[in-house]
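Those sequence lines, one after another, are chains A and B.
Residue numbers for the first sequence follow the numbering used here, beginning at 1 and rising by one.
Residue numbers for the second sequence follow the numbering used here, beginning at 1 and rising by one.
If you're looking for bench data, these hints aren't it; they were derived computationally from the structure.
Treat the hints with caution; some may be incorrect.
[To be verified] Below, a list of computed lysine-lysine pairs in the PhoX-like style, where the Cα atoms sit at most 25 Å apart: (1) A/K7 - B/K20; (2) B/K208 - B/K224; (3) B/K391 - B/K234; (4) A/K167 - A/K156; (5) B/K234 - B/K383; (6) B/K159 - A/K212; (7) B/K135 - B/K159; (8) B/K155 - B/K135; (9) A/K3 - A/K167; (10) B/K155 - A/K212; (11) B/K155 - A/K7; (12) A/K212 - A/K7.
Below are the chains, spelled out letter by letter.
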Amino acid sequence: MAKEECKALLDALNKATACYHHLVLTIGGSADSQNLREELQKTRQKAQELAVAIRARLTPPLRDRGLGAEERAEFERLWVAFSGCLELLEADMRRALALGTEFPLHAPRRPLVRTGVEGGASGVAARALSARSLRHEGERDFDVEDLHQLEREILKVGEMIQDMEMKVNVPRWTVQARQTAGAELLSSASAGVSSVGGVSVQQRTGPCDLSKALAATIFSAVLLAAVALAVCVAKLS
Amino acid sequence: MRMRMERVVVSMQDPDQGVKMQSQRLLITVIPHAVTGNDVVEWLIQKYCIAEDEALHLGTLLVQHGYLYPLRDPRRLLLRPDETPYRFQTPYFWMSTLWPAAELDYAIYLAKKNIRKQGALVDHEKAHYDQLHRKINHTWDLVVMQAREQLRAAKQRRKGDRLVIACQEQTYWLVNRPPPGVPSVLEQGPERGSCTARQVQMTVDFYKREIECCRKALGRTRVKSSVCLEAYLKFSSQRGPHDPLLSGCLPSNPWVTDDDTYWAMNAPSVAVPTKLRVEQWAFSFRELLEDPVGRAHFMDFLQTEFSAENLSFWEACEELRHGGQAQVPALVDAVYQQFLAPGAARWVNIDSRTMERTLEGLGRPHRHVLDDAQLHIYMLMKKDSYPRFLKSDLYKDLLAEAVVPLETKRRVFPFMWKPRHSSPSLALLPTSTSGEPEAAAGSPGGGDGET
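Looking at chain A on its own, in the form it has when it is part of the complex (with noise of 0.2 Å):
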């Protein structure tokens, strides 16, 4: 019903943020290139449609006078987590486009920061969307683009919270969190996760390393001969 859904948006919202801050985490470093740019865009254009859809579900609820108690304080807990959520994602598009403009991906004489960060984050970006991979088809200029399309984002985000905070009136501070201290520490299986679309996507486990095929191939190499050792010796005997 329209708790659980709200639930399930919350929780795609959730990761989306903690994908883009991790995603914002490394621009102006070594990693940091288009498809960075491209990734962090895609990720946070889901985390605001996602927010829009949470927003519309909460709204009606809240405003909703002849509500229950125990239904109105289940609906304030998931508002304060939301408006949590969108500020820290409010926080990290602002961060994202101070970073952006002071590192420029094809000025000449502003070298990046080397911060030994390599690897690509497609997989993080993916998982941002609920998506086996992702596809980038960005043009040269793309970052410059990106960055104003960034500053249009982020004062719609701005505007978004304010009007929250202006239609309804959930004071913060009479919430109580359902989860205790030292929560995180019991069953690290998510809680109840489903993605928007209804399908539990399988995750893939990211690009195989080198050394993780290497020992593979040994294992088996060496559990071969011994089962060739086996069937010589059952032989012989």
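Starting from the known structure of chain A, fit chain B onto it as the hints suggest.
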């Protein structure tokens, strides 16, 4: 200063003229972009033409502010000029981007660490965790959700990248929430806040205002520094022996010996004042009036001279000035009846002009209506009664009776390292080699410190 450090870090990244980079090998993973402390110091010396200690100091500043972090001993943020490897911090975690650190972010970081270490957090982190749980309890759901998701997102990366990012985050929080005992570089001392000079527009208006300011400053009356300094010297020499820090306090400094006899003996209302206190009354009339014991004795003296109504009037005016607003009309009326009305019981002698002005003002009473009269009486007492008081027998008796507390004896126990009397009293020494004039500790008479 942060921007300058960031510019230095960025110029270190230049592929041709930057710092030499190496790779770090960890078992099977290889992570590039490591620099040795030595290379950093040499690069700084070469680029900015500075000496080695300055380069070392600059490098240490970079590490302490989190722009560079050590790879082997991440908790000790200092730059070693040897082969210890360091790595650059990602711009996201630079001070200019992410400052001040938010409580929610710290909570998420601690929750992530909790998950990774299966609950084994360091002591101060555990304390912070509990404190945050109380403070931002309402968003704790979000904290747990974000912590779990951020860890899952991190798993999508290669192992090397994951390690690097974890180190980066750890460094950021080591700088922004240092463990107890480590000084925080983010604390701004008193002198740093003063250089907040904003860019001022050099317009015509600005210059006009400056000229006006300077003109007003020229017109102000100034005292010659020779006069000022003389007064200052006189003040210091007079007050030197009375200062507990400079001349020690008897019987002993309560902060050192935990013995509060000193405070008990110098309480506002005490039966027998100390000698230093009685001597202080001779410095100025204000000192005498401000001390309750002094004021009481002065009142006694005035009663022998039959001019006690002056002091009573002055006290009544003080009460008016500092009292409640609602009592003002009643008090003004009472004062008038008692002191100012012709034929009053305790009539005070005010000159005719002040009296006229005061009587006019009484029609509309406010708390400052008696100020002129009070000042007149004050000056009268100061010029007339006060010098007589200082020469009187009453005062001389007070001086003779005043008590000089004895210095507490040192304890005999040899293992008491704490000195009982850390500020020795020069007042009891027979000769004063510090050159303090005898007049300060000597005669009480003729000492009107006010100019």
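Going down the list of hints, with the structure as the test:
no. : hint            : verdict
1   : A/K7 - B/K20    : violated, 50 Å
2   : B/K208 - B/K224 : violated, 29 Å
3   : B/K391 - B/K234 : holds, 22 Å
4   : A/K167 - A/K156 : holds, 16 Å
5   : B/K234 - B/K383 : holds, 21 Å
6   : B/K159 - A/K212 : holds, 11 Å
7   : B/K135 - B/K159 : violated, 35 Å
8   : B/K155 - B/K135 : violated, 30 Å
9   : A/K3 - A/K167   : holds, 20 Å
10  : B/K155 - A/K212 : holds, 15 Å
11  : B/K155 - A/K7   : holds, 24 Å
12  : A/K212 - A/K7   : violated, 37 Å
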